[in-house]
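A.B. asks: Whole structure, please, built from the sequences with the hints as guidance.
Protein chains in written order, with this note's numbering: chain G, 9 to 261; chain P, 303 to 1141.
Simulated from the structure, these hints should not be mistaken for laboratory data. The beta carbon of each residue, even a glycine, is placed where N, CA and C say it ideally should be. Errors might be hidden in some of the hints.
As the list claims (entries may be wrong) - Pairwise CB distance ranges (calculated):
| no. | chain 1 | residue 1 | chain 2 | residue 2 | range |
| --- | --- | --- | --- | --- | --- |
| 1 | G | S11 | P | I729 | 50 to 58 Å |
| 2 | P | V1079 | G | Q124 | 29 to 37 Å |
| 3 | P | V1017 | G | Q124 | 52 to 60 Å |
| 4 | G | T70 | P | I729 | 43 to 51 Å |
Next come the chains, spelled out residue by residue.
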Amino acid sequence: MASSILRTEKLCKSFSNGGTQQHVIKNLDLDIIEGDLTVIMGSSGSGKSTLLYALSGMDKPTLGKVLFGDTEIQDYSNDQLAVFRRGNCGFVFQSVYLLENQTVLDNVLTAALIVQKNSSGLVNKTKTLLKKVGLNEDDWKKYPNQLSGGEAQRVGIVRAIINDPKILFADEPTGALNSASSRDVLDIFTEIHKNGQSIVMVTHDMKTALRGTRVLYLRDGGIVGDYRMLPYGENDKQERRAGLAAFLETMGW
Amino acid sequence: MKILRLSLFNLKKNRKEATAIAFLTMITTLMFSVFMMNMTKINHSFDESFAASGSRDYCVAIKDDHYRDEYRTILENMPGVHDIMEEELTGAFAKEVERDGESLSYSFEFVTEKTEKKMEHFTKKEKLSDSGIEKLDHPIWLPVYFNISEGYKPGDIFAMILDGMHYDFEIAGFYESGLMASDGYGFKCVVSDSDYAVLGMVLNNSGDGKYTALCFNCDERFGLSDFTDKCAESSYENIDSHIYCFSVDSEKSGVLQFLNMYLYFIAFFAAITLLSALFVITHRISDDIAEQMQQIGVLEALGYRAREISLSYVGEYLICGGIGSVFGGIVALLTDPVLNIGVQKMMGRTVSGSVDIVGLLLAVMLVAALVIVIALIKAAKVRKYPPVVALRKGIETHHFGRNILPLEKSKGGINLTLAIKSFIGDIKSSLGVALCVIISGVAILFCANCADFFKDGINGLISLTGKDITVDVKLMNGVDTYAVRDEIAAMPEVRKVLISYNRGLMDSIPVKGSEYQANVQTYDDYSDSENIVLIRGRFPEHDNEVMVTVARCEKEGLDIGDSVILEGNGIENKYIVTGVTSSMMFNGMSIYLTKDGYLRTEFNARPSGLSVYLADGVSQETFEQRLYEKFGKSVKDSINAEITGGTLEERIRSAADRKLATLLSYYGVTNADYAIVVGNQLIKGNSRGFVIKEVSSLMSLAKQQMGSIASVTQVAMPVLALIIAVVVAVMLWLIVSMTVKRQRRSLGIMKGLGYSSKDLMKQLALKTMPVTIVSVVIAAVLTKFVYSWFWMTMFGVIGNISVHVTIAMSAVLAVFCYVVTYICAGKVKKISVTELMTE
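C.D. replies: As structure tokens, this is what we get:
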């Protein structure tokens, strides 16, 4: 049986809003299984992104525990969390967040060099990965404002996986892309997942969710549904779509 | 109204930055106000005190034995001269005054009350009651300088030592004196008729003695050399060496010299803070416009005109700059009474307590106006962005340039590499930082060097005198100088003894074609001197060679190989300049001859005494004690000695010795014998037992003239350096704050990638280091020039920076900038990754 890579116990996250406390995540217990492509879905304001940030060490929970393997990270200082993230996590954001004043190659290396020493091996690996996601040599020297949305997101993905993270987090990675670019980006995620990468992805798009192996449905700060699927491409697409649609329907999506 | 609302909104949003800018403008205004108010005040105060004294503007004092009545007629016929008044005074140069066991040296001019009332109004200040004055045996009225600057009180004893004899005057009070009331040419003291008569007899050496004073007013600038030339034409006697000219201008510049220096320091520092403030404002407006580009676009789209939007930025700085300026003005106003005390103490004259409101308002308005003008110029940039361009955030964030320092080729740590990349990308704003650090650096390094120079009190200044400060032993007439020299040289307390030929401290010789007389230093062999530094060329070796000072070279265009003609005793002697030295004595206008060279001009000069160099650790007191053990008491001590001794004979001998000492010292007696019959006993003695006439040292004169400069500078320099350091810190804080704000997005992304706050703080601090290091190096080089310019201008000497102090302080400054930037960069801790991503 596959082991858990990330776990929460009684996780709570509240925000102060005009003097009143708004509880976004409530006593949430969750296991993220190694090797899964876990998709978190839910309606707007259900706490999807808040959960993702709490899981990834981007934000601290109000109460409860976040365990990465056996390590509790909820009490880490901000700098400890930064060190934790750089060693264990990769991130792909909806808005990509490339560094505007750096070239494609430098954007990826900026993430790599905080963890690894500069070497020809690292540079070659970066270039290989960029080629793999369809960015050729001419693109490496481009600045973010010279890239299309899809190209930028592909750079974002390479930047997220360059340090071989134990877990890759993606927050609506196709949210700002057109359908063709979305498909390309999702194919890359599928490819990475096939290579054994654990992924946690937040989305409200069914096409994106279809790439997952597990779909968690969030409502009012708690998980109300947990649906498992075979890895993408191992079963019939229609059957897969129908199964997920049925699950989501029961969730009231 | 809507513009004001926008300005207030911006101010509220950036409270800390606005406070920092207000602080910088406050400090700037404070310093400018102090400069403006005091510049006017010290000039007015001098003019007022001079006017209150009733003194004439000029006074030429000619040694009595060289004065001729025709000189007065010549003066009367000089252009613009009127109100001439002729009186007599007695001069005494470099005389010691004992106070609390310490000796300080001053120059004096003595007059009677009757004379003083003719020369001036004799406006009395602090004084004893009339009945108290009547009871005094030896009353003396001193210029208010002694009350204000030296802390003497009416009734105190003023213990002068005049040619070996103690004269204990009692201070009747102080009076406002116009001329002759400063360090430079001495202090005019009013004494009783009987004391004046005694002083006239006592003071008869070299430059000391009676002078005929011609006091007058002159509508034009009085030319002393014209006057002495005419006197020489008329009398066939050159009186250049026997005349002193006191003028309101030289008195004023003497009194205000150091105050002006400190005020110009303050103005210089104010300019630095102003520059920093203006730089920060321009930087910040550019950043604000870049950051608020979309907001500008929205406002323009809503119908706001570019002028209105730019005025909202100006309004922001008008408010914070205005508040800073007004506060600066208020603080200047509040501290004025405290500063008055210091100013009065340095001037030694009564300073008016009134505030120069015009100067204050000018300073406040000048700073506020500059802030507004700079803000207007920078804020006009908004006009460059029509709504569509602004809504698209201009094109400022787009990068198309060459990738300088690609990471794939980087060798060092990632933080350093990213810092350098960021520095290169932002090099334009680095130029402003560089300018501020360079100027601040020069100020700080200058202060550090001055503080180091004055760390041992006046020792630093003494090293620049261009004269060996030795213990000077005057010998009795007829004593074999060479034999005594050999004996003293053999004493273990002594390192070296040289024979001195100069007649006195004020001994000077006219230089043909120069308005500056030459105070002459002579050595048989200049390798014997210890405080005379050769700057270029070589020391004089032959009797036709001379060494001059850099100040004389600059003022008279002299250089090695040129000739100097000295006009001593009615003859002219030509000397070739062989070397150049640096000296701050006598306005840096000394000249240096060999002994034989000196004798060519002053052929009557004879060995006048001995210059004794004490061994390390030996005090003057110890040496004197040993000297008297060996040679017997000096005449000076014998005059003042108590008549002691057990037997009648011993007491009679003591009394006889005292009488002999007085005859030798004051009446030019060279040899005397006595025989006293007491009952059947004959007591005999003679003056041949006296060898030493007097022991003195220039150190006490140096202490009096330089002590206050040294102590004020010692305190003022570190304080000024600290103020500049605070200004640098505030400027760096503002720049880092703005950088963090501008790069918030990038910094947030980097945090998301796993860069810790410490990594980012390190990057921001390292980013400023290339510009800081280069600027500090430039500042160190510039300090060398500024420092030597300062010393040359102020004292006529070459001032060399201390290399190790400059290097150490430069390193401290660079580290200080790094630490301050690192601490200020702590703002990145507040950047929340999640907040950024949920935007």
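A.B. asks: Are the hints correct? Go through all of them and say.
C.D. replies: Structure-based check of each hint:
1. The hinted window of 50 to 58 Å between S11/G and I729/P holds, with their beta carbons roughly 52 Å apart.
2. At roughly 35 Å, the beta carbons of V1079/P and Q124/G sit within the given window of 29 to 37 Å.
3. A hinted range of 52 to 60 Å holds for the C-beta pair V1017/P and Q124/G, which are about 55 Å apart.
4. Judged by the Cβ atoms, the range 43 to 51 Å given for T70/G and I729/P holds: they are separated by roughly 45 Å.
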